[in-house]
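J.: Here the protein sequences line up with chains A and B, keeping their order. For the first sequence, our numbering gives the first residue as 19, with consecutive numbering after it. For the second sequence, our numbering gives the first residue as 22, with consecutive numbering after it.
The set of hints was computed from the structure by calculation and includes no laboratory data. Be careful, since some hints might not be right.
[Stated by the list, open to error] Cut-off 20 Å, straight-line C-alpha distance, at most; resulting in silico cross-link-like pairs (EDC-like, lysine to aspartate or glutamate):
id: 1; chain 1: A; residue 1: Lys257; chain 2: A; residue 2: Glu107
id: 2; chain 1: A; residue 1: Lys257; chain 2: A; residue 2: Asp247
id: 3; chain 1: B; residue 1: Lys376; chain 2: B; residue 2: Asp98
id: 4; chain 1: A; residue 1: Lys246; chain 2: B; residue 2: Asp245
id: 5; chain 1: A; residue 1: Lys106; chain 2: B; residue 2: Glu233
id: 6; chain 1: A; residue 1: Lys197; chain 2: A; residue 2: Glu38
id: 7; chain 1: A; residue 1: Lys96; chain 2: A; residue 2: Asp48
id: 8; chain 1: A; residue 1: Lys225; chain 2: A; residue 2: Glu253
id: 9; chain 1: A; residue 1: Lys197; chain 2: A; residue 2: Glu253
id: 10; chain 1: B; residue 1: Lys380; chain 2: B; residue 2: Glu226
id: 11; chain 1: A; residue 1: Lys274; chain 2: A; residue 2: Glu107
id: 12; chain 1: A; residue 1: Lys274; chain 2: A; residue 2: Asp247
id: 13; chain 1: B; residue 1: Lys376; chain 2: B; residue 2: Glu340
id: 14; chain 1: B; residue 1: Lys335; chain 2: B; residue 2: Asp98
id: 15; chain 1: B; residue 1: Lys371; chain 2: A; residue 2: Glu253
id: 16; chain 1: B; residue 1: Lys378; chain 2: B; residue 2: Glu237
id: 17; chain 1: B; residue 1: Lys371; chain 2: A; residue 2: Asp48
id: 18; chain 1: A; residue 1: Lys246; chain 2: B; residue 2: Asp372
id: 19; chain 1: A; residue 1: Lys246; chain 2: B; residue 2: Glu385
id: 20; chain 1: B; residue 1: Lys278; chain 2: A; residue 2: Glu22
id: 21; chain 1: B; residue 1: Lys346; chain 2: B; residue 2: Asp314
id: 22; chain 1: B; residue 1: Lys278; chain 2: B; residue 2: Asp314
id: 23; chain 1: B; residue 1: Lys335; chain 2: B; residue 2: Asp372
id: 24; chain 1: B; residue 1: Lys206; chain 2: B; residue 2: Glu237
id: 25; chain 1: B; residue 1: Lys376; chain 2: B; residue 2: Glu332
id: 26; chain 1: A; residue 1: Lys274; chain 2: A; residue 2: Asp48
id: 27; chain 1: B; residue 1: Lys278; chain 2: A; residue 2: Glu38
id: 28; chain 1: A; residue 1: Lys225; chain 2: A; residue 2: Glu107
id: 29; chain 1: A; residue 1: Lys274; chain 2: B; residue 2: Glu134
id: 30; chain 1: A; residue 1: Lys106; chain 2: B; residue 2: Glu237
id: 31; chain 1: A; residue 1: Lys106; chain 2: B; residue 2: Asp272
id: 32; chain 1: B; residue 1: Lys206; chain 2: B; residue 2: Asp245
id: 33; chain 1: A; residue 1: Lys197; chain 2: A; residue 2: Glu139
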Amino acid sequence: MFTELNSILSSSPDSVTPGEFILVSDRQSDASFLIHHFLSFYLRSRCKVVFLGLVQSFRHYSAVSQRLGVSLTQAKEKGQLVFMEGLKESLSVLIPQADNTESQAMNFLRDPPVGLRSLYEFVRSGAVGSGRAEDGAEEWGPPVLLVDDVSVLLSLGVDAGAVLDFSHYCRAAVCSQMKGNMVMLVRCNGEEEEEEDGEEGAEALLKGLTHQCSLNLHVQGLPTGYCKDIHGQVEVCWKRRQGDGPHTQRNLFQYKVHDKGASFFPRGTSSAVL
Amino acid sequence: MAAPVSGMGEAPAERLPVNSTSFQKKTRSKLVSIPGTRPSVQNGQLLVSTGVTSLDYLLGGGLAVGTVLLIEEDRYDSYSRMILKYFLAEGVVCRHELFVATAQDNPDDILQELPAPILDDVAVPKAVEQPRLTGEPQDSLDAMKIAWRYQHLPKVQSALASSSRFGHYYDVSKTMEAEIRQAAKCHRFCLPDHVTPSSTAHRLESYSALLESLQEVIHREGFDLAAPMSKSRNILRVGLHSLGSALWGDDLCCHDKPRHRHALTTFLYGLRALLRSSLSVAVVTLPSHLIQDRALMGSITRLCDNAIALESFKGSERETNPLYKDYHGLLYVRQVPHLNCLASQLPDHKDLAFKLKRKQFSIERLHLPPDLSETVSRVSRGELASACGPSASGTKNLDF
Numbered sequence: 019m020f021t022e023l024n025s026i027l028s029s030s031p032d033s034v035t036p037g038e039f040i041l042v043s044d045r046q047s048d049a050s051f052l053i054h055h056f057l058s059f060y061l062r063s064r065c066k067v068v069f070l071g072l073v074q075s076f077r078h079y080s081a082v083s084q085r086l087g088v089s090l091t092q093a094k095e096k097g098q099l100v101f102m103e104g105l106k107e108s109l110s111v112l113i114p115q116a117d118n119t120e121s122q123a124m125n126f127l128r129d130p131p132v133g134l135r136s137l138y139e140f141v142r143s144g145a146v147g148s149g150r151a152e153d154g155a156e157e158w159g160p161p162v163l164l165v166d167d168v169s170v171l172l173s174l175g176v177d178a179g180a181v182l183d184f185s186h187y188c189r190a191a192v193c194s195q196m197k198g199n200m201v202m203l204v205r206c207n208g209e210e211e212e213e214e215d216g217e218e219g220a221e222a223l224l225k226g227l228t229h230q231c232s233l234n235l236h237v238q239g240l241p242t243g244y245c246k247d248i249h250g251q252v253e254v255c256w257k258r259r260q261g262d263g264p265h266t267q268r269n270l271f272q273y274k275v276h277d278k279g280a281s282f283f284p285r286g287t288s289s290a291v292l
Numbered sequence: 022m023a024a025p026v027s028g029m030g031e032a033p034a035e036r037l038p039v040n041s042t043s044f045q046k047k048t049r050s051k052l053v054s055i056p057g058t059r060p061s062v063q064n065g066q067l068l069v070s071t072g073v074t075s076l077d078y079l080l081g082g083g084l085a086v087g088t089v090l091l092i093e094e095d096r097y098d099s100y101s102r103m104i105l106k107y108f109l110a111e112g113v114v115c116r117h118e119l120f121v122a123t124a125q126d127n128p129d130d131i132l133q134e135l136p137a138p139i140l141d142d143v144a145v146p147k148a149v150e151q152p153r154l155t156g157e158p159q160d161s162l163d164a165m166k167i168a169w170r171y172q173h174l175p176k177v178q179s180a181l182a183s184s185s186r187f188g189h190y191y192d193v194s195k196t197m198e199a200e201i202r203q204a205a206k207c208h209r210f211c212l213p214d215h216v217t218p219s220s221t222a223h224r225l226e227s228y229s230a231l232l233e234s235l236q237e238v239i240h241r242e243g244f245d246l247a248a249p250m251s252k253s254r255n256i257l258r259v260g261l262h263s264l265g266s267a268l269w270g271d272d273l274c275c276h277d278k279p280r281h282r283h284a285l286t287t288f289l290y291g292l293r294a295l296l297r298s299s300l301s302v303a304v305v306t307l308p309s310h311l312i313q314d315r316a317l318m319g320s321i322t323r324l325c326d327n328a329i330a331l332e333s334f335k336g337s338e339r340e341t342n343p344l345y346k347d348y349h350g351l352l353y354v355r356q357v358p359h360l361n362c363l364a365s366q367l368p369d370h371k372d373l374a375f376k377l378k379r380k381q382f383s384i385e386r387l388h389l390p391p392d393l394s395e396t397v398s399r400v401s402r403g404e405l406a407s408a409c410g411p412s413a414s415g416t417k418n419l420d421f
């Protein structure tokens with residue numbers, strides 16, 4: 019959990035605003051460090067976390083979370099964390115074997131046009147488990163869904179519309195019904211002005227998710243070029259649906275990722291420059 | 022920053038869980054060390070050498086076990102094939118096992134062209150130093166009088182090399198002797214030998230067959246991380262040549278809107294899944310200059326951990342440009358991974374060039390030397406001025 023980011027977002031592990039859909043997006047950059055922040059943040063605030071780790075192994079997330087002070091293996095054992103390791107589950111679907119006992123979640127790999135229904139069922143069953151208070155089990159807070167990352171589903175052949183449907187279903191289930199939160203990472207590759215047919219999927223997905231979300235953290239490289247000390251800029255954009263009309267607020271920060279966290283500072287105030 | 026010792030390895034008393042994946046931080050007490058590998062100083066990752074020492078330096082010390090290196094081929098596939106051969110030759114010398122897959126040539130063709138290792142360690146490159154003028158005392162040379170602002174900057178070291186040697190050197194003019202080569206165990210996958218009848222839009226039979234064959238080799242030879250730790254472990258080096266080309270049955274390189282758009286990306290996802298759960302490392306070459314869709318190239322790059330692109334000067338007008346006469350081509354680093362840690366090791370400079378010498382493939386920072394020659398004719402000076410901005414030659418025209 020990055021303390022500076024907490025103060026920027028005015029959030030703390032003790033008080034988590036319910037029903038938020040946080041979209042982390044990046045363009046020609048890598049915003050996965052923010053996913054690690056939200057993972058450790060929600061685990062610290064004792065919420066039940068359903069994590070779809072589609073691009074990296076469990077060891078990777080566990081090693082980074084250890085540096086941020088949270089143990090994923092312990093959380094998994096206590097039942098606080100429901101982790102789906104996409105890479106491992108996908109192998110049994112991609113290479114069919116005689117005696118495989120695969121979970122149904124990655125079934126969409128077999129036939130991508132079918133959609134992500136089985137993945138949604140997995141999320142729902144993982145999140146619902148927090149409602150029941152079993153004997154001896156701890157009570158966790160409202161469920162949180164984290165997805166890292168959603169654009170890999172496009173690379174695996176799923177339609178952008180199906181991914182938008184999936185995120186809408188998850189938002190209805192997790193954010194509205196169960197009063198939990200949702201964080202998704204979406205990655206884009208091209209420039210914003212280009213209108214290529216091939217990019218239709220990713221741009222449409224980004225626009226659709228930006229419309230659905232309540233808080234958008236958009237990570238980009240520096241517009242002035244490559245710099246070793248400043249890794250990029252983050253644009254934080256709130257969409258508050260207040261009574262007095264739509265009110266969007268944007269803030270721009272630059273950031274640098276280091277071993278145990280990331281530091282955020284207003285433009286031009288990096289320690290490398292001052 | 023070196024990883025703290027207390028952070029290495031899990032809870033020391035327990036055995037590693039059976040379904041753990043790669044990137045183990047191997048402590049000395051648990052694992053017999055595998056020849057040809059070393060732990061990274063940055064984050065304790067297990068690294069192997071690619072066979073090219075400057076490439077090892079660029080990748081942060083070496084190629085991490087369990088990752089994929091994507092090489093975007095140059096136009097005639099000469100230098101990318103060379104790097105693939107270096108990678109496989111390094112595997113033979115370190116006694117790792119090899120897995121080579123090709124669609125057009127027989128894998129044996131690549132294996133017979135492996136460069137011969139220089140085993141007597143004669144050619145050890147030294148770091149590039151500034152030439153010292155004889156007779157001049159040290160102090161006055163070090164203390165700059167005019168350009169004193171630049172005093173604290175490090176001396177320009179164009180050749181990329183680290184202080185500790187890891188990896189071997191190869192002599193490109195000779196091929197590896199048959200005895201050395203046959204001592205290494207090599208698995209081959211040649212696409213024409215495997216039947217490819219039909220394919221769906223999202224999965225190509227050729228890629229599925231390759232993935233199945235690779236998984237079968239990993240299981241059979243015991244590279245799985247889930248296999249018992251008591252046996253002596255080895256690394257499997259996977260070399261996939263020209264993936265994505267039309268010979269694999271893929272039309273990525275042929276059409277603007279390919280039918281099998283997601284076949285290669287699905288394969289790369291499966292490859293990453295296989296590698297993360299075994300002691301293997303892969304180098305994939307891809308003819309990216311044939312792929313029209315930049316967005317697709319972006320998603321392919323993101324599914325590989327390391328990615329570099331080669332652009333050779335052969336056949337282009339840069340070959341005769343005197344600015345580039347020392348180099349054979351440019352090298353771009355498209356992606357560096359961040360594995361088990363938040364930060365990635367970004368390269369210092371982004372403008373790199375390579376040259377293939379007889380005993381070394383060196384990657385250097387591209388810097389243009391000052392144009393000090395008196396006999397440069399006006400015609401070529403015009404070419405120089407238009408070719409490249411930051412050279413000092415333009416000012417010669419303003420001769421007062």
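J.: State for each hint whether it applies.
T.: Right, here's what the structure says about each hint:
no., hint, in the structure
1, Lys257(A) - Glu107(A), "violated, 36 Å"
2, Lys257(A) - Asp247(A), "violated, 31 Å"
3, Lys376(B) - Asp98(B), "holds, 15 Å"
4, Lys246(A) - Asp245(B), "violated, 37 Å"
5, Lys106(A) - Glu233(B), "holds, 15 Å"
6, Lys197(A) - Glu38(A), "holds, 9 Å"
7, Lys96(A) - Asp48(A), "violated, 31 Å"
8, Lys225(A) - Glu253(A), "holds, 15 Å"
9, Lys197(A) - Glu253(A), "violated, 26 Å"
10, Lys380(B) - Glu226(B), "violated, 40 Å"
11, Lys274(A) - Glu107(A), "violated, 34 Å"
12, Lys274(A) - Asp247(A), "holds, 7 Å"
13, Lys376(B) - Glu340(B), "holds, 12 Å"
14, Lys335(B) - Asp98(B), "holds, 11 Å"
15, Lys371(B) - Glu253(A), "violated, 25 Å"
16, Lys378(B) - Glu237(B), "violated, 38 Å"
17, Lys371(B) - Asp48(A), "holds, 17 Å"
18, Lys246(A) - Asp372(B), "holds, 14 Å"
19, Lys246(A) - Glu385(B), "holds, 18 Å"
20, Lys278(B) - Glu22(A), "violated, 44 Å"
21, Lys346(B) - Asp314(B), "violated, 32 Å"
22, Lys278(B) - Asp314(B), "holds, 8 Å"
23, Lys335(B) - Asp372(B), "holds, 19 Å"
24, Lys206(B) - Glu237(B), "holds, 15 Å"
25, Lys376(B) - Glu332(B), "holds, 11 Å"
26, Lys274(A) - Asp48(A), "holds, 12 Å"
27, Lys278(B) - Glu38(A), "violated, 38 Å"
28, Lys225(A) - Glu107(A), "violated, 29 Å"
29, Lys274(A) - Glu134(B), "violated, 45 Å"
30, Lys106(A) - Glu237(B), "holds, 16 Å"
31, Lys106(A) - Asp272(B), "violated, 28 Å"
32, Lys206(B) - Asp245(B), "holds, 17 Å"
33, Lys197(A) - Glu139(A), "holds, 18 Å"
Violated hints for the displayed structure, listed by number in ascending order: 1, 2, 4, 7, 9, 10, 11, 15, 16, 20, 21, 27, 28, 29, 31.
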